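Chains A and B supply the protein sequences, listed in that same order.
Just so it is clear: in the first sequence, position 51 is 65 by this note's numbering, and no numbers are missing.
Just so it is clear: in the second sequence, position 4 is 5 by this note's numbering, and no numbers are missing.
Hints are computed from structural coordinates only; laboratory data are not their basis.
What you are looking at is a predicted structure, and each value in this text was computed from that prediction instead of being measured.
Please note that the accuracy of each hint is not assured.
[As the list claims (entries may be wrong)] Quick look at which bits of chain A chain B covers, simulated, 3 or more residues with Cβ under 8 Å:
id, region
1, 72–86
2, 110–120
[Claimed, not checked] Each pair of labels, with its calculated beta carbon distance range:
id, chain 1, residue 1, chain 2, residue 2, range
3, B, Gly29, A, Val64, 37 to 43 Å
4, A, Gly67, B, Thr14, 47 to 53 Å
5, B, Thr117, A, Pro125, 28 to 34 Å
6, B, Thr21, A, Glu55, 42 to 48 Å
7, B, Glu63, A, Ala92, 45 to 51 Å
8, B, Gly17, A, Thr65, 36 to 42 Å
9, A, Gly67, B, Gly17, 31 to 37 Å
10, A, Gly54, B, Arg64, 36 to 42 Å
11, A, Gly54, B, Thr14, 17 to 23 Å
[Unchecked claim] Listed next, the stretches of chain B that the computed footprint assigns to chain A, with coverage defined by at least 3 CB atoms under 8 Å from CB atoms of chain A:
id, region
12, 46–52
13, 76–83
Note that the Cβ used here is the ideal one computed from N, Cα and C, for glycine as well.
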Amino acid sequence: TQLLEQSPQFLSIQEGENLTVYCNSSSVFSSLQWYRQEPGEGPVLLVTVVTGGEVKKLKRLTFQFGDARKDSSLHITAAQPGDTGLYLCAGPSGNTGKLIFGQGTTLQVKP
Amino acid sequence: DSGVTQTPKHLITATGQRVTLRCSPRSGDLSVYWYQQSLDQGLQFLIQYYNGEERAKGNILERFSAQQFPDLHSELNLSSLELGDSALYFCASSAGLAGGTSNTGELFFGEGSRLTVL
């Protein structure tokens, strides 16, 4: 059974600090995705990484896919209160398009 | 706005009752997925339909069932409800079996239906 484990589960930081969220598995994934979910809304895709070792940047967010395609990280530089939310990593399971999700990292950025 | 519509947004009911959650996928999307999100278990995959047919099943209880209709909307039926069924239920859609405009399975989520069982 494929599983995705995220750490930390909760993170509370001050505005301007940097942080990294990790997503790990013992299984190889063809790709990994990161979603962000705000209260009262569904998850929204931030990025998809598909190549081992790939690094993608989205403004202050940097996503990395591990060389062995078993792990990924999300680094936020100079966090802002608007970054507050639940960050979820997800990966395809099987060949039907369904995704399995990590349990999520709740980020709170205090002004 | 993801283009995925879920109703109702909130539902309060009693143990033993039955409810139906409804989902309209994005225009043109053939795949519909149902997920359950609770505080202690994260986002759990329940079931997937593609063009009216069941394609994948997750940890869906026997008390739960779903279907996708010819117009591609989907319904999730929850019966003999228990307190532990209280959760957010999300519907997501994608264009095909492999998802989205690429082969990497992007899912578009609705805003969810919050079910409270008292």
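Hint-by-hint comparison with the structure:
1. With 0 residues having a Cβ less than 8 Å from any Cβ of chain B, the region 72–86 of chain A misses the three-residue criterion, and the hint is violated.
2. Counting residues of the region 110–120 of chain A whose CB falls under 8 Å from any CB of chain B gives 9; the rule of at least 3 is met.
3. At roughly 24 Å, the beta carbons of glycine 29 of chain B and valine 64 of chain A sit outside the given window of 37 to 43 Å.
4. Roughly 49 Å separates the CB atoms of glycine 67 of chain A and threonine 14 of chain B, a value that falls within the hinted 47 to 53 Å.
5. Between threonine 117 of chain B and proline 125 of chain A the C-beta distance comes to about 32 Å, which sits within the given range of 28 to 34 Å.
6. The hinted window of 42 to 48 Å between threonine 21 of chain B and glutamate 55 of chain A is violated, with their beta carbons roughly 22 Å apart.
7. Checked against the given bound of 45 to 51 Å, the beta carbons of glutamate 63 of chain B and alanine 92 of chain A, roughly 49 Å apart, stay inside it.
8. For the hinted restraint 36 to 42 Å between glycine 17 of chain B and threonine 65 of chain A, the CB-CB distance of approximately 51 Å leaves it violated.
9. Judged by the Cβ atoms, the range 31 to 37 Å given for glycine 67 of chain A and glycine 17 of chain B is violated: they are separated by roughly 53 Å.
10. Between glycine 54 of chain A and arginine 64 of chain B the Cβ separation comes to about 27 Å, which falls outside the hinted range of 36 to 42 Å.
11. Evaluation of the 17 to 23 Å hint for glycine 54 of chain A and threonine 14 of chain B yields a pass: the beta carbon distance comes to about 20 Å.
12. For the region 46–52 of chain B, the stated coverage by chain A holds: 3 residues have a C-beta nearer than 8 Å to a C-beta of that chain, and at least 3 were required.
13. Residues of the region 76–83 of chain B lying with their CB closer than 8 Å to a CB of chain A number 0, which falls below the three-residue condition for coverage.
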